[in-house]
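**Q** With the hints as extra help, turn the sequences into a complete structure.
Residue numbers (this note's numbering), protein chains in the order written: chain D, 3 to 114; chain S, 85 to 197.
Some clues are possibly wrong.
List time: in silico DSS-like cross-link candidates among lysine-lysine, alpha-carbon distance up to 25 Å [said to hold, decoys possible]: (1) Lys126(S) - Lys11(D); (2) Lys85(S) - Lys184(S); (3) Lys11(D) - Lys85(D); (4) Lys184(S) - Lys85(D); (5) Lys72(D) - Lys184(S); (6) Lys59(D) - Lys85(S).
Listed next, the stretches of chain S that the computed footprint assigns to chain D, with coverage defined by at least 3 CB atoms under 8 Å from CB atoms of chain D [to be verified]: (7) 107 to 118; (8) 121 to 133; (9) 175 to 188.
Since the hints were made in silico from the structure, they are not lab data.
It should be emphasised that the depicted structure is a prediction, and the values quoted were computed from it without experimental measurement.
C-beta: ideal position from N, C-alpha, C; glycine also.
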Amino acid sequence: DGGITQSPKYLFRKEGQNVTLSCEQNLNHDAMYWYRQDPGQGLRLIYYSQIVNDFQKGDIAEGYSVSREKKESFPLTVTSAQKNPTAFYLCASSIQGDNEQFFGPGTRLTVL
Amino acid sequence: KQEVTQIPAALSVPEGENLVLNCSFTDSAIYNLQWFRQDPGKGLTSLLLIQSSQREQTSGRLNASLDKSSGRSTLYIAASQPGDSATYLCAVPSPGNNRKLIWGLGTSLAVNP
Numbered sequence: 003d004g005g006i007t008q009s010p011k012y013l014f015r016k017e018g019q020n021v022t023l024s025c026e027q028n029l030n031h032d033a034m035y036w037y038r039q040d041p042g043q044g045l046r047l048i049y050y051s052q053i054v055n056d057f058q059k060g061d062i063a064e065g066y067s068v069s070r071e072k073k074e075s076f077p078l079t080v081t082s083a084q085k086n087p088t089a090f091y092l093c094a095s096s097i098q099g100d101n102e103q104f105f106g107p108g109t110r111l112t113v114l
Numbered sequence: 085k086q087e088v089t090q091i092p093a094a095l096s097v098p099e100g101e102n103l104v105l106n107c108s109f110t111d112s113a114i115y116n117l118q119w120f121r122q123d124p125g126k127g128l129t130s131l132l133l134i135q136s137s138q139r140e141q142t143s144g145r146l147n148a149s150l151d152k153s154s155g156r157s158t159l160y161i162a163a164s165q166p167g168d169s170a171t172y173l174c175a176v177p178s179p180g181n182n183r184k185l186i187w188g189l190g191t192s193l194a195v196n197p
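**A** Structure (structure tokens):
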């Protein structure tokens, strides 16, 4: 089955810890994205990558980091510098040159 | 600055009713517009994408229209079913960078049996 997988589905973090959220796609898409979703707010773009070994900051990149070493993988690290990390995180991908985005099932991160 | 608004924020209808969800945007110079569905606690499912040159797109019981000049898109759902209950989101590319999408807050739809 082609698609986007995110793991884990639920993640709990203690304050001061870094955590990494996984996003993998087997759609052969070039571009990948990370969004954050909070109640009452629209989706906000954290980082995006159009090609391997390259990525750009979105609107709320502070406190987050990413890597794109492989075409199919785009992990997101939530660092201790992110002051309010509790949220639902969504990963998406698209074909190069096309902005129609396809989403994974999401990871819910809770800071204890 | 592009802004996307969806009205109403919530809608409750009886099963079988035809309904219209609205999406408006402030900058009419859009590349395309995309409609998504989100079930509670789940990711987004792409429903329809309308290119700027198109007036409408259809998929099954769903029909999306686009009127760039008035800054509006509508999502028409025919013969609604309880399984259509979800939040519906629309998004348009940011002017100057079509990799960035500008999102509405969504319409939460409940279809009652």
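**Q** Confirm or reject each hint.
**A** Taking the hints in turn, this is what the structure says about them:
1. Lys126(S) - Lys11(D): Holds, because 10 Å separates the two Cα atoms, which is no more than 25 Å.
2. Lys85(S) - Lys184(S): holds, 13 Å
3. Lys11(D) - Lys85(D): holds, 21 Å
4. Lys184(S) - Lys85(D): Given pair Lys184(S), Lys85(D) holds - Cα atoms ~24 Å apart, limit 25 Å.
5. Lys72(D) - Lys184(S): holds, 22 Å
6. Lys59(D) - Lys85(S): holds, 19 Å
7. 107 to 118: holds (count 3)
8. 121 to 133: It holds: at least three residues are needed, and the segment 121 to 133 of chain S offers 7 whose Cβ sits within less than 8 Å of chain D.
9. 175 to 188: Per the Cβ count (9), the hint holds.
Violation of the numbered hints given earlier is absent; every hint is satisfied by the structure.
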